[in-house]
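These protein sequences, in sequence, are chains S and W.
Quick note on numbering: the numbering used here labels position 212 of the first sequence as 212, and the sequence is numbered without any gaps.
Quick note on numbering: the numbering used here labels position 225 of the second sequence as 225, and the sequence is numbered without any gaps.
If you are wondering where the hints come from, they were derived from the structure by calculation, not from laboratory data.
Computed from a predicted model, the values in this text were never measured in an experiment.
It is possible that some hints are incorrect.
As the list claims (entries may be wrong) - Capping the alpha-carbon separation at 30 angstroms, the derived lysine-lysine pairs in BS3-like fashion look like this: (1) S:Lys247 <-> S:Lys284; (2) W:Lys10 <-> W:Lys277; (3) W:Lys335 <-> W:Lys10; (4) W:Lys277 <-> S:Lys245; (5) S:Lys247 <-> W:Lys285; (6) S:Lys209 <-> S:Lys63.
As the list claims (entries may be wrong) - Label pairs and their computed distance ranges (CB to CB): (7) S:Ile23 <-> W:Tyr328: 51 to 57 angstroms; (8) S:Ser153 <-> W:Thr308: 38 to 44 angstroms; (9) W:Tyr328 <-> S:Ser153: 18 to 24 angstroms; (10) S:Pro126 <-> W:Tyr328: 30 to 36 angstroms; (11) W:Phe124 <-> S:Ser153: 43 to 49 angstroms.
Quick reminder that beta carbons are idealized off the backbone N, C-alpha and C, glycines included.
Chain residues, written in single-letter form:
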Amino acid sequence: MEANTLNGKATSLTGSKMWQFVIVGLIATLGLIISIFLAIAYGAKEMSLQTVWLSIVDYQPDKTLHQIIHEIRLPRVIAAAVVGAAFAVAGALMQGVTRNPLADAGVLGINAGAAFMLALSFAFFPNLPYFIVILLSFVGAVGSTISIYLLGSASANGLTPVRLTIAGAVVAALLSSLSAGIAIYFDLAQDLAFWYAGGAAGIHWSHLKWLVSIILTTIIAVMGISRSVSLLSMDEEVAINLGVKTKRVQLLAMAAVVVLAGVSVSVAGSIGFVGLIIPHIARKLVGTDYRFIIPLSAILGAELLVLADWAARTINPPQELALGVTVALLGVPFFLYLARKERGR
Amino acid sequence: MEILSARRRKAFAVGGLMLAVAICTMVLSLNTGTIWLSPITIVQTLFGFGDADAAMVLFDYRLPRILVCALAGIGLAVSGSILQGISRNSLADPGILGLHAGASCGLIVFITFFRSLEDPLALFIPLFTFAGGTIAALLIFLLAYNRQTGLQPVRMILVGIAVTAGFSAISLFFSLRLDEDTYSFTSRWLVGSVWGRDWENVYALFPWVTIFTCYSLWRARILDAFSLGDERAIGIGVALQRERLWLLLSAVALSSASVAMVGGVGFIGLVAPHLAKRLVGSTAKYQIPVAALIGLIILAAADMIGRTLFLPNSIPAGVIVAAVGAPYFLFLLVKAKS
């Protein structure tokens, strides 16, 4: 009975929140489109927004400007947008299923696992093709996540969010310490650090094709469990009473997180804080329903990374700041504010 | 009374054994290296009867390095014991709580602005790492403290993990702008490599470790009182908040001073107090000295392994400690009841 009223309440709430979501979503999409155009137009070589528009709708391969846009800027901006969306959605899912507002895909050891495999492959097989390297770092991300999940659940009380977080932090510490050891022994430290700091610069159309398709498919698939995630994020008991198969939802959500974050980390390096900040902003804007939070996080995450990547290459030209660093500079103060606020509860 | 004295006898026996192991480790560590010295030569040289070459190898190179290791091992272990005591959290460790990340950030800021580790300026490094560690500790304390429930162990760890992430990002920002040589030094330092190898480093570290270790021993009873819970501790007359703050500060001082000399070695502060608790129980006045000796043994052994097993290159001690310590931590986590 109680469950029913709660369910009813949720539906009626949804109705009133719907318009809010549509408006916020439209504004965010508009912002994303504008920032994409700006990021394409301004850089080492500036060009008018008109040229950008023409090069997309009416591409002429013999014009240099069109070539710059098509071969260098466009893939880079798209990559930044897709990766940003992936990290943000991964973070939103993590925060939802673990009920830890400070959670982020990094908690699952994804970055550390990818970096560890990368260190191994740099050290022992330095001349592997790009595709294999990315595949290996993805394998590392998945491997470390699975081991963390198993360690987190291998105890009398089963898997709790806190246990998962702590196991993740320790496995990450172990892996990054081992990769540092390998890097130092084989003298690769700074190469690895530059990869680790992240960047969307080296991505071409051939990689983009599968990057975009994997990430978009996963985000759309995640929408299928978004309702269960919102219930889970409020209270596990209530979710169970309402017929949510909590174990299965948790597992599916984690799997989606691994795919989204693992692929992005392998391609663009470890970019922290997107997954932490964006879901919070989304929650502020549209409330606690993950059917709204997830798509909005995707749009906002894309926007943040497009802007951060743009800042990384224009603040101090011709040198580029690392993408991970520009995001972190935005993220740290926000994070501290957040943690401070959490304390009050 | 009977039980007490039995525990006491056990504590002394274990302490004596640990001391013996510690001395053996240090002597063994003095033996090994690119030039092998026999134990007899070492004893002779230590008492001033050896030849000049052995004396130079021993006094100029190995002895200061091993003393730095020993002091830092003690510092990290005692710091961990204090943190576990005041937070009533058996998973607390200066590395996991983010104190190391803060201290590392301090060092990187120092390197970025002064670009030197050789000059007398290097003596300021502990100050910078201490500042970084203190900022991290204050952040954790402020963010994890709640007026109603006090310091919640789990929240402390969660905030610590996050503070670590924040500080590492800042460190990364600065470290990518360093030139290659400084960078390779920094990356070694960050995972924990014993770089303080001169007598100055020993002199710089010695007062920090002795003063604050003695302070924690002097306050051992208070640490025991913390384990009863806040209410009861206040009930038996402990000025809770003040004592907690002082103890926290001394833990920060111990870990930052040690980190300044040996880099971000994690897990000693976690493993050593745990082993000590297994061996002599949780009475602080026995646990802390035994933990200190275990910390010394671990770090000295890890440094020895790191610089001999992988010749001609060397592996930072911190990597070896993490390779052993992290699995132990996970084992504790899986075994812990709640």
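Evaluation of the provided hints:
no., hint, in the structure
1, S:Lys247 <-> S:Lys284, "27 angstroms, holds"
2, W:Lys10 <-> W:Lys277, "12 angstroms, holds"
3, W:Lys335 <-> W:Lys10, "26 angstroms, holds"
4, W:Lys277 <-> S:Lys245, "42 angstroms, violated"
5, S:Lys247 <-> W:Lys285, "46 angstroms, violated"
6, S:Lys209 <-> S:Lys63, "24 angstroms, holds"
7, S:Ile23 <-> W:Tyr328: 51 to 57 angstroms, "53 angstroms, holds"
8, S:Ser153 <-> W:Thr308: 38 to 44 angstroms, "39 angstroms, holds"
9, W:Tyr328 <-> S:Ser153: 18 to 24 angstroms, "19 angstroms, holds"
10, S:Pro126 <-> W:Tyr328: 30 to 36 angstroms, "33 angstroms, holds"
11, W:Phe124 <-> S:Ser153: 43 to 49 angstroms, "47 angstroms, holds"
The structure fails hints 4 and 5 (numbered hints given earlier, in ascending order).
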